[in-house]
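Chemist: Counting the sequence shown from 1 gives a position; the working numbering is that position plus 6.
Simulated from the structure, these hints should not be mistaken for laboratory data.
Restraint-style ranges between C-beta atoms, simulated for each label pair:
no.	residue 1	residue 2	range
1	Glu117	Arg94	26 to 36 Å
2	Ala113	Arg89	31 to 41 Å
3	Glu63	Asn42	23 to 33 Å
4	Leu90	Ala113	29 to 39 Å
5	Asn52	Pro10	58 to 68 Å
6	Gln100	Gln66	49 to 59 Å
7	Arg109	Met81	34 to 44 Å
8	Leu23	Glu48	32 to 42 Å
9	Glu105	Ala80	35 to 45 Å
10	Glu43	Ile78	46 to 56 Å
Even glycine gets a Cβ: it sits at the ideal position worked out from N, Cα and C.
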Amino acid sequence: MHAPDPYTSRLQANMRLLSQRLAQLDQQARQLAAENEALRHELDLNARGAVGQARIEAEQIVAAAEERAAAIDAMTKVRVERRLEEQREALAKQAADLEVVTRARIAELKEAAAEMGGDTTDGGASEGVDRTDAEREEHP
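My request is simple: use the sequences and hints to build the entire structure.
Modeler: Quick look at the structure:
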């Protein structure tokens, strides 16, 4: 038998070292791939959480805007109702003032007719002047 060739022995030793190193690198690559997948999953969950949080915040903003719009609508309605009531009161005062003026004018006309010796009755023409406030509101 001849002695092993020193170059062959060294080559075989280097091959074993390279094989071991390759196995280590392969193991590290698998470990890094697993860590990468875990990080992707975590990132995906974080992104979904961020989207969910953004959706919740958007819903809260919409709800607040709807509440504000409802409050503005209610305030506007109150203002309009107040203005309408003020206008009703002003019209009622004008009607009362007009009634006073009309009664005074009718009295003047009756007096003038009496002075001329004519009939002081108006055949029921002044009947509408004696209406109550309630009747006036029902039939303005």
